[in-house]
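With the hints as constraints, model all of the structure from the sequences given.
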Amino acid sequence: MTFTTDDVDIIQRDTVFQGFYRLDVLRLRHRLFAGGWGPELRRELFVRHDAVCVLPYDPWEDSLVLLEQMRIGGLDKSNHPWMIELVAGLIDKDEAPEEVAHREADEEAGLQLHRLEPITRYFPSPGGSNEQVHLYLALVDSRGVGGIHGLESEGEDIRVSVWTRTDALAAMEKGRIDNAASIISLQWLALHGERIRADAGPRP
Numbered sequence: 001m002t003f004t005t006d007d008v009d010i011i012q013r014d015t016v017f018q019g020f021y022r023l024d025v026l027r028l029r030h031r032l033f034a035g036g037w038g039p040e041l042r043r044e045l046f047v048r049h050d051a052v053c054v055l056p057y058d059p060w061e062d063s064l065v066l067l068e069q070m071r072i073g074g075l076d077k078s079n080h081p082w083m084i085e086l087v088a089g090l091i092d093k094d095e096a097p098e099e100v101a102h103r104e105a106d107e108e109a110g111l112q113l114h115r116l117e118p119i120t121r122y123f124p125s126p127g128g129s130n131e132q133v134h135l136y137l138a139l140v141d142s143r144g145v146g147g148i149h150g151l152e153s154e155g156e157d158i159r160v161s162v163w164t165r166t167d168a169l170a171a172m173e174k175g176r177i178d179n180a181a182s183i184i185s186l187q188w189l190a191l192h193g194e195r196i197r198a199d200a201g202p203r204p
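For reference, each letter of the sequence shown is one residue, going 1 to 204 in UniProt numbering.
Each hint can be trusted.
List of simulated lysine to any residue pairs, SDA-like, C-alpha gap at most 20 angstroms: (1) Lys174 / Leu189; (2) Lys174 / Gln69; (3) Lys93 / Asp106; (4) Lys174 / Asn79; (5) Lys174 / Glu68; (6) Lys77 / Ile177; (7) Lys174 / His80; (8) Lys93 / Val133; (9) Lys93 / Asn130; (10) Lys93 / Asp50; (11) Lys174 / Ser78; (12) Lys174 / Ala190; (13) Lys77 / Gly175; (14) Lys174 / Pro81; (15) Lys93 / Gly150.
In short, the hints are calculated from the structure, not lab data.
In structure tokens, the structure reads:
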């Protein structure tokens, strides 16, 4: 048996907060695996723009370009709220995910993406948020890349550095890289890295 959105009855939906993000409160019920309908539930939904995350990979050097910046979500539960991450941005305009990838790579790291390869799309926290992440690997030339980047108008202070693939995977295994998009993409690269290198062709 496969359920769809037709098997969810939204009784009421109210927006209780509207800022850059939105919070909705829903009253709903849904069909049960055993048959019939379940009880009425009250759920809060964090409504976010979808996100685009890109792992910049230089197959000719077997190196990665990673970003480091302070993340408020890590303040209460980590001694290292400066997280090591991917290039990332929100789809908050009428843009395709690929357009966001190229724009954010330039703004956050001064990078030109030569080729985008989709890794996956996923919901990072579907129990309470509707955000979906579009995750990519991109081929880049990492030579000379680094420094401090980001838009001053958005309060961004981003340190960009080049890592060997071996060092990045080791940092993930030790828990220094501890955010979902980075972990998923690094594990994907561990499986597909040799194919990516073999198919890369000459350096642009």
